[in-house]
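S.K.: These are the residues of each chain, in order.
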Amino acid sequence: MTLIFEHSIKGRRASAQAPLVRPECVDLPKHLLRSVPPELPEVSELQVVRHYTRLSQKNFSIDTHFYPLGSCTMKYNPRGAHRAAMLPGFLARHPLALPEHSQGVLSCLYDLQEMLKELTGMKGVSLTPAAGAQGEFAGVAMIRAYHQSRADHRRTEILIPTAAHGTNPATAVMCGYTVREIPVLDNGDVDLDALQLALGPQTAGLMMTNPSTCGVFERQIKKIAELVHAAGGLLYYDGANLNAILGKVRPGDMGFDVLHMNLHKTFATPHGGGGPGSGPVGVHERLLPFLPIPIVGCNEDGVYSWLDERDIPQTIGRLSAFMGNIGVLLRAYFYARQLGHDGLLKVGAYASLNANYLMHRLKDVGFKLAYPERRASHEFIITLEWEAKHWGVTAMDFAKRLLDYGFHAPTTYFPLLVPECLLIEPTETESRAELDAFVEAMKSIRDEARDNPQLLKDAPHTLPVRRLDDVRAARELDLCWKSGLSGDK
Amino acid sequence: MTLIFEHSIKGRRASAQAPLVRPECVDLPKHLLRSVPPELPEVSELQVVRHYTRLSQKNFSIDTHFYPLGSCTMKYNPRGAHRAAMLPGFLARHPLALPEHSQGVLSCLYDLQEMLKELTGMKGVSLTPAAGAQGEFAGVAMIRAYHQSRADHRRTEILIPTAAHGTNPATAVMCGYTVREIPVLDNGDVDLDALQLALGPQTAGLMMTNPSTCGVFERQIKKIAELVHAAGGLLYYDGANLNAILGKVRPGDMGFDVLHMNLHKTFATPHGGGGPGSGPVGVHERLLPFLPIPIVGCNEDGVYSWLDERDIPQTIGRLSAFMGNIGVLLRAYFYARQLGHDGLLKVGAYASLNANYLMHRLKDVGFKLAYPERRASHEFIITLEWEAKHWGVTAMDFAKRLLDYGFHAPTTYFPLLVPECLLIEPTETESRAELDAFVEAMKSIRDEARDNPQLLKDAPHTLPVRRLDDVRAARELDLCWKSGLSGDK
Amino acid sequence: MSYIPHTHEDEQSMLRSIGLQHRDQLFDEIPAELAAPALDLPESLNEMQVLRLLSKKAGHFDERRCFMGFGAYAHHIPAAVWDIVGRGEYMTAYTPYQAEASQGTLQVIYEFQSMMAMLTGMDVCNASVYDGASGLAEAVLMALRLQKKHPNPRVLVPDSVHPWYRQTLRSIVSQQGVQICEMGHNAQGQIDPSYLDEEIGKGAAVLVLAQPNCWGVLDDVDHLTDQAQKAGIKVVALVNPTSLALLKPPGAWGTRGADLVVGDAQPLGIPLSSGGPYVGFLACRLESVRQLPGRLVGRTVDLSMRPGFTLTLQAREQHIRRAKATSNICTNQGLAMSAATIYLSLLGAEGLARVAAVSHQRMLELTRLLEASGISPFFAAPVFHERVFRLPVPVQPVLQAMAQRGFEAGVDMGSYDVALQHGLLVCTTELLESEDIRDYAQALAEVIREIQS
Amino acid sequence: MSYIPHTHEDEQSMLRSIGLQHRDQLFDEIPAELAAPALDLPESLNEMQVLRLLSKKAGHFDERRCFMGFGAYAHHIPAAVWDIVGRGEYMTAYTPYQAEASQGTLQVIYEFQSMMAMLTGMDVCNASVYDGASGLAEAVLMALRLQKKHPNPRVLVPDSVHPWYRQTLRSIVSQQGVQICEMGHNAQGQIDPSYLDEEIGKGAAVLVLAQPNCWGVLDDVDHLTDQAQKAGIKVVALVNPTSLALLKPPGAWGTRGADLVVGDAQPLGIPLSSGGPYVGFLACRLESVRQLPGRLVGRTVDLSMRPGFTLTLQAREQHIRRAKATSNICTNQGLAMSAATIYLSLLGAEGLARVAAVSHQRMLELTRLLEASGISPFFAAPVFHERVFRLPVPVQPVLQAMAQRGFEAGVDMGSYDVALQHGLLVCTTELLESEDIRDYAQALAEVIREIQS
Ligand SMILES: Cc1ncc(COP(=O)(O)O)c(C=O)c1O
Ligand SMILES: Cc1ncc(COP(=O)(O)O)c(C=O)c1O
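Residue numbers (our numbering), protein chains in the order written: chain U, 357 to 845; chain D, 357 to 845; chain B, 2 to 454; chain S, 2 to 454.
What the hints contain is simulated information worked out from the structure, not anything from laboratory work.
There could be a bad hint or two in this list.
Where chain S lies over chain U, by a calculated footprint (3+ residues, C-beta under 8 Å) [stated by the list, open to error]: (1) 366-374; (2) 392-403; (3) 466-478.
Taking lysine-lysine and the BS3-like style, the derived pairs with C-alpha atoms no more than 27 Å apart in a straight line are [claimed, not checked]: (4) S:Lys58 - D:Lys473; (5) U:Lys386 - U:Lys366; (6) B:Lys58 - S:Lys57; (7) B:Lys203 - B:Lys149; (8) U:Lys719 - U:Lys745; (9) D:Lys813 - D:Lys719; (10) U:Lys386 - B:Lys231; (11) U:Lys473 - B:Lys231; (12) U:Lys479 - U:Lys578; (13) U:Lys473 - B:Lys203; (14) S:Lys58 - B:Lys58; (15) S:Lys231 - B:Lys57; (16) D:Lys745 - D:Lys799; (17) B:Lys149 - B:Lys231; (18) B:Lys58 - U:Lys479; (19) S:Lys231 - D:Lys386; (20) U:Lys366 - D:Lys702; (21) S:Lys58 - D:Lys479; (22) S:Lys325 - B:Lys57; (23) D:Lys473 - S:Lys57.
A few chain U residues that don't get close to chain D, going by computed Cβ distances all over 10 Å [said to hold, decoys possible]: (24) His363; (25) Arg406; (26) His457; (27) Asp508; (28) Gly611; (29) Tyr761; (30) Thr785; (31) Arg806.
By construction, the Cβ of each residue, glycine as well, lies at the ideal position given by its N, Cα and C atoms.
Here chain U stands alone, though its shape is the one from the complex (with noise of 0.2 Å):
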């Protein structure tokens, strides 16, 4: 473990990099000038690829490993979206360029906004929320922005399952809003006389996925939906679990009135280590008005151009200086233009069919599936309850020894309301060897936990690193380099 910072040496440069002179600023008042220069990094070019080049060899990712990650679709990422993407054309294309050189993308936005609509069934869609977050966000705003415009100002509750994502609780007090949970039963199902009891007139909405985060299609979708409805309420969609029921249901279907997508799972962008995503949010008809700009418009000359709040006077505004991650958008919209209309109907079909087969699978080794008698959305949960009470291995400890095997490990403990789980999520682009390759290892770890469950403990054993101490992470900061402190060499 080398930093960069510790392959710098002062005055070194990679001269290719930069202006070959450097004018003096004499024009500048000099009280506003920096006065000593930041110590970053002194080295050679060579240096700078070795670097990074060999530090990318330390990760993960679905182009080196499966990466069975439940709640987060890890499928394969087109190249050919990444080079579409990286057109020289599209890259240095200014924001503010006049909408004459834009008809192109523009097109494609508004092609891509057409599409989604179509796939979730909504009425208008925005492609600016820049993840999944903030196309919740965007989505609470709406629902409150529609209260409002009714003089509606008693509703100051949203109400969201105990299986829910964390980012639903945390959408939902930036938008002012309390947040009150509901319980899911022992089926996964929602508790639905514990939703009737919460429902009232201070309800602006629910928030809720389906198939739920338990990895099950939530079966009283409709009657949920009309209770929400009727205690005058909205519905919210998080789409991170769309990819298990695209081309099946739609969420307009099925009663919700707003939605996001998160175009970095189920439109297979890639994830980049933690971003950047896409979070399209779409509406049913009475949110039309409040829908964040820009959006893509289109006139009857087939002339297209970004609409403000000029055409949206409602609208909840911008989330963005610009129009969200148009890069990212460029690649869903390659996606869904090379799977077209048979190919984004499998998706789902297939996803479900991994999920389905792995979950099987795995039950017949010996794993205990938190609901065993439901159908798998495109991930299930595995509970390793037992094998904790009995061996003294948890959920982290099999996670851990995954890695050993050169599997990804899946999603550990959450949903928070399953103890010891692991949520698995194959996604419909993995093999079926792949898969039977993933039971294999399962297994045989499940054999060391009895018989060596220390192995376990101590995984894993064959990475960069062994198992990492984040109790001291926390307790000693060190969240930056600083020069004569280098902690190794």
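Dock chains D, B and S with the ligands against chain U, hints included.
M.R.: Below, chains D, B and S with the ligands alone, put in the same frame as chain U:
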């Protein structure tokens, strides 16, 4: 180790990559058609990407490791040059595109010819040879054509110092010559007496590199040139070592009549795991009429065009179907333009600085130099004869153990005349810290050789495979995967 | 066309092992009446077809000479940056939750945090928010959390802050009832200390200070910072990171330095790409780090006491703290952040200073040439690398005519602020050579002459 | 501008440790009179400047519709191919001499050898020679080595072999006194068995058989192979690898199959790139492998008996055998070979057959449309994906006029062979949709009408 074929399942396809339908070819006579399809792998796009990405990680390369492979000039390959050569406007150009549409690329090639002339002191350059060896071929063929044009048919022999690279004698034979080897003295210089004895009316020419593959500059080069010329022979310069003297001395000024350059060495174009390279030839006045075609010409109006046998009727002809490795030439052009006058003049100086520094440091920690009294050029030789004799470890054992330390091995057992040798070429793009780390590793390995020679004999220990059985590879030939015969799964 | 690897036999045998006949049965828990109707979607295409389509749509914008800035800046991006960042190991990894299998991404983040802390003169920088504008909203919300005493907090935002940053700020923070107060500018395009005094009188919790502001103008940030902090106001600095190679870092503004620093790292190796993805950053003092939104990586040790990296202080984040998190942000702009890290490594302090200085220098050259043609700046104060020029004619036809000549000539300020009618915001960077500046000045003079005649 | 990482202090201290004052002293063994004079070379530029320069030089050829073939073919190249091949680990590695540190490259080579052996129907394929034309020369020399009995060997080469392949063959093999005899074609553009009989009568060692030939025409290779081999002549098959997804592999030609197969793998994922780098291949029977030039990788085991790959049969190569090597080739076309391997993995047999069948189909479509406008083929025999059409007007002005309309319309055969005056060689691949074919046919008809009037 899994072969791509072992991921294959009958009927699977990476469907995004082929036409959507397969037309019947009913018009073609049946007996011309294939009856059984070739057993190419049937894999998904993700499987291909994952397979070849993972495989790549099993390689050492400049981008990941110090790679001091003597005679190979493994220096940094600028990413900017790759970007330039991969511009769609270059990639999509057909070799027979109308010259009106090719002025851009032709002008680059013309300018490259001019720069190479200036840097080598030659009067004409042809860029067509695809690598060093093809450049040698062209050069020796021109020597032959020259003698024939003078009706001097007695000249049947090419002289080559023993230190020479294997391509030199192999080339001479491909051109119909016999080879006579000239010994090299203990100080690395050519044995002038032996040379004088060997010269005669049968001498077509002498091939040599300077600095030689002994890593020292041939000090008597003027004298050698006189002798060869006096005997009616011509001098060929193997430019593989041009990096050592770039900007310092020019082969043309030393008396060479013809040379090739390895652009994939001196001009920093990538080696690609074995190619493509590029081996332009440069010639003195008297060989101008024989240059291989095509060459880029420029008329008074600044219009560029390909010159062929109509323009150069005595040409030795064409060496490949089209115009050589243009993608490589564009990278070299990029490099030459970027470095420009000042940068190009530094190359040899700093390549030599790094080599001499490393040589001194290795000597200081106990290694024996092959030519201790000499300056290193861009490379130098150490001999492990003593270690082999006393500790039973070979140069190859050192080489394999270096891999464990994260360094690519130097060239082993070349040149053939130095026993148990390592030919070490650090290049000018490596930092002092990298050189120092290499010295530390070598020192540490030398200690291991003394204390625990078996450690070296069993090396490498940390790579994807341990030492491979070459003998078995040649004896039980397995050159091709066959279905149903797969050795491993 | 799909990326599904199964053959028909695979599918059949997999269904058999689940005990089903057809894959539709996988959906038998879903009420039948919910099944999607026939969908109107385009036909499948192969990669070749979509690439051909998109190549046409991309066009040749890259060949135009770009004089536009206003929050998005065209700089040279070293080829190595996206070659490396585009490697599958970086591009197709998830957020590094499994630290041991993500040391690559984690170390890059740690290095980014370090570089940005140095550039801004702060202790800590997070590993990205969506962009500068949403980052500004996060910064203001964070500043308010640091200001617990203020019940109904007022946030002072000069109108020299980019209008779309102000809009974004408003749409986000207004959800929580935060009040934004806009402050005017003087004839120099700067914040007059007297305006600030007036606002302080009304009571305020946070001041946003943009340096340079959206017209390129530089303010006397030392004075303003001291003035605000003396009144108990938290100062949020909004900066262009390129400019920080030359300009005083916010950590050194005034006596105590700004409290928070926010901005968009787009100029550091991120392509313009029609407006995104960019990458916001937010830096603070160590004592405020528990209020910082977004991801943070810490250096720690493994079981063998070897150093390594891991996400840390996750109790700030939604996946742990849920409703009590500092923000709802989850997926951020990781890859763009990695690109910025590599960019900064390649440029170094000296390289970045050259980029900044040449960008500035080109604006001086342009100003000189335009003034010689009678076109003068709207504001007299010093600028970094953009400036508003007052045209003698309406801006829109000028933009059109310049476009005809291959220039993206700038941004029409009148469409954002009537007070800036006839104002053309022009930006110069190192991408433009002196020759481009001359061509531009000449073309602009011609175009204006044509329009006037 | 340079890539040298040293600072002045580095340099000084390194020189000190060598015992020198100045780096010029490193060259003190070189006679002073040899020092290079002042050199006339352009000034240094930075990456930005060279990229700008080269972007202009590259232009927009990629937007033209390409109907040119004649040895270089435009096919769709999956984006994954060069994304992967461009990874530093492949692109910046040397020839895999250190096997343990090169398993990536070595395995790719082994897979290439396997795929090409299957495609050609042979036992073994080498891991590249420079290109198809120089490969043909290597093949002919190898065939002659296999024919030890022939003292002054004659090599039969039909004139339907690409003229530049013939030129290359001649420049290489003539150095060793090999005699090339050209054989004519009949009115169908094919080799008439009677011509071959005649040549056999004169004595010959090797026959080159191109399928398809340079005009796209298919020969009766079964018959010709048998005829030649019966007379003790070695048959060198020269093929387009794409066509082999449809056409009978040379290993199955006639009774015994061709003896050697050579060609250029450019159509398999290698960009046109003005003519190179491309990648020749040469395949043979196992019993001839010791005469094969170029690199070969074998599968073997390591000390733990785990499988692995290594270069093998190096005794054929110059670095071991020197003057006795099978060829002087050293650096080959490795990266292009890797690209072809990935291409073939992505396409598979079915994908490649679709590429071949669609390419062929488009030529049928084009022929139909052109015949409807009165433009008919020069040769009546069946073709793969290219064909010579007889124009009613000179070809050059047609090419110019078509270029104006955005078409690279084909290759003027008259400039290679006076007998083909007015012959335009047109090639179609899957890159062209039926619409492009219609546009082309219409444009060609118009252009001819214009020229005629
Ligand atoms: C169920 C669910 N909802 C919401 C989100 C938030 O999406 P994003 O990370 O794009 O902000 C995620 C992402 O992990 C998720 O899994
Ligand atoms: C001294 C010398 N001569 C000639 C060559 C042959 O060059 P190439 O491999 O480009 O054919 C080499 C390459 O290794 C070499 O080192």
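S.K.: Does each hint fit the structure? Answer for all of them.
M.R.: Hint by hint, here is what the structure shows:
{"no.": "1", "hint": "366-374", "in the structure": "holds (count 7)"}
{"no.": "2", "hint": "392-403", "in the structure": "holds (count 5)"}
{"no.": "3", "hint": "466-478", "in the structure": "violated (count 0)"}
{"no.": "4", "hint": "S:Lys58 - D:Lys473", "in the structure": "holds, 22 Å"}
{"no.": "5", "hint": "U:Lys386 - U:Lys366", "in the structure": "holds, 25 Å"}
{"no.": "6", "hint": "B:Lys58 - S:Lys57", "in the structure": "holds, 20 Å"}
{"no.": "7", "hint": "B:Lys203 - B:Lys149", "in the structure": "holds, 18 Å"}
{"no.": "8", "hint": "U:Lys719 - U:Lys745", "in the structure": "holds, 19 Å"}
{"no.": "9", "hint": "D:Lys813 - D:Lys719", "in the structure": "holds, 23 Å"}
{"no.": "10", "hint": "U:Lys386 - B:Lys231", "in the structure": "holds, 24 Å"}
{"no.": "11", "hint": "U:Lys473 - B:Lys231", "in the structure": "violated, 52 Å"}
{"no.": "12", "hint": "U:Lys479 - U:Lys578", "in the structure": "holds, 19 Å"}
{"no.": "13", "hint": "U:Lys473 - B:Lys203", "in the structure": "violated, 47 Å"}
{"no.": "14", "hint": "S:Lys58 - B:Lys58", "in the structure": "holds, 22 Å"}
{"no.": "15", "hint": "S:Lys231 - B:Lys57", "in the structure": "violated, 56 Å"}
{"no.": "16", "hint": "D:Lys745 - D:Lys799", "in the structure": "holds, 18 Å"}
{"no.": "17", "hint": "B:Lys149 - B:Lys231", "in the structure": "holds, 17 Å"}
{"no.": "18", "hint": "B:Lys58 - U:Lys479", "in the structure": "holds, 26 Å"}
{"no.": "19", "hint": "S:Lys231 - D:Lys386", "in the structure": "holds, 24 Å"}
{"no.": "20", "hint": "U:Lys366 - D:Lys702", "in the structure": "holds, 21 Å"}
{"no.": "21", "hint": "S:Lys58 - D:Lys479", "in the structure": "holds, 26 Å"}
{"no.": "22", "hint": "S:Lys325 - B:Lys57", "in the structure": "violated, 54 Å"}
{"no.": "23", "hint": "D:Lys473 - S:Lys57", "in the structure": "holds, 25 Å"}
{"no.": "24", "hint": "His363", "in the structure": "violated, 7 Å"}
{"no.": "25", "hint": "Arg406", "in the structure": "violated, 6 Å"}
{"no.": "26", "hint": "His457", "in the structure": "holds, 20 Å"}
{"no.": "27", "hint": "Asp508", "in the structure": "holds, 49 Å"}
{"no.": "28", "hint": "Gly611", "in the structure": "holds, 35 Å"}
{"no.": "29", "hint": "Tyr761", "in the structure": "holds, 15 Å"}
{"no.": "30", "hint": "Thr785", "in the structure": "violated, 5 Å"}
{"no.": "31", "hint": "Arg806", "in the structure": "holds, 27 Å"}
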